[in-house]
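Chains A and B supply the protein sequences, listed in that same order.
Residues 8 to 118 in the working numbering are what the first sequence spells out, letter by letter.
Residues 1123 to 1232 in the working numbering are what the second sequence spells out, letter by letter.
Hints are computed from structural coordinates only; laboratory data are not their basis.
Note that the coordinates shown come from a computational prediction; the quantities given were computed from them, not determined experimentally.
Just so it is clear, CB atoms sit at the ideal spot from N, CA and C, and this is done for glycine as well.
Check before you lean on any hint, since a few could be wrong.
Covered stretches of chain B (in silico footprint by chain A; criterion: 3 or more residues with CB under 8 Å from a CB of chain A, positions within the stretch not fixed) [to be verified]:
#, region
1, 1154-1166
2, 1209-1221
Derived Cβ-Cβ restraints for the label pairs, each shown as a range [to be verified]:
#, chain 1, residue 1, chain 2, residue 2, range
3, B, Q1167, A, D37, 19 to 25 Å
4, A, R22, B, E1127, 31 to 37 Å
5, B, V1176, A, Q24, 44 to 50 Å
Some, not all, of what chain A presents toward chain B, calculated at C-beta under 7 Å [to be verified]:
#, residue
6, F109
7, P111
8, G112
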Amino acid sequence: DAGVTQSPTHLIKTRGQQVTLRCSPKSGHDTVSWYQQALGQGPQFIFQYYEEEERQRGNFPDRFSGHQFPNYSSELNVNALLLGDSALYLCASSVNGFNEFFGPGTRLTVL
Amino acid sequence: GENVEQHPSTLSVQEGDSAVIKCTYSDSASNYFPWYKQELGKRPQLIIDIRSNVGEKKDQRIAVTLNKTAKHFSLHITETQPEDSAVYFCAARGNNRLAFGKGNQVVVIP
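Assemble the whole structure, with the sequences as input and the hints as a guide.
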């Protein structure tokens, strides 16, 4: 079992561009949550996907969107990138939201 | 929404001593309280968790206590070792989402 995996590891974009991050959950997990972690801060909840639908959403603008596929993998899309979007983006998988296991994250830098 | 606060922000302890980190939460409906350890440049790792119907849980040198009335929970690490040095995050789950605290930097001095 490879655990939670994310791709890419690092990404550099310029303001205004769009980005797609990917996550594969741990085997047996059906729920995927996305978090943004700024330097020196705790993870901030973006949204959670369950049964291919967005179940909950945090205080993030509509520029942040996502998707969950039938195999439970998920994507996070961010449009019109801002400098402030630079952060570590973490994906966590679980069974119905309990015992979340985090992936290694994608480090996004917006220039 | 849920608001989680952690105290203290930094904690230094001598190797072998105990460390205690306290968190408070605001939403009385929150029902699940995990603790994560994050080493520099690595992912947060779940180290222990507790549900709202339990007051205390222990796993070797780590324990968590929950006081629902006061809406606070604490992480206790006994016999600290250098490898316990990391940032520790508490979180509270309410309304299908986890709200994290800002983290505590724990430094174990050999």
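Legend entry - Index of numbered hints that the structure contradicts, given in increasing order: No numbers; nothing is violated.
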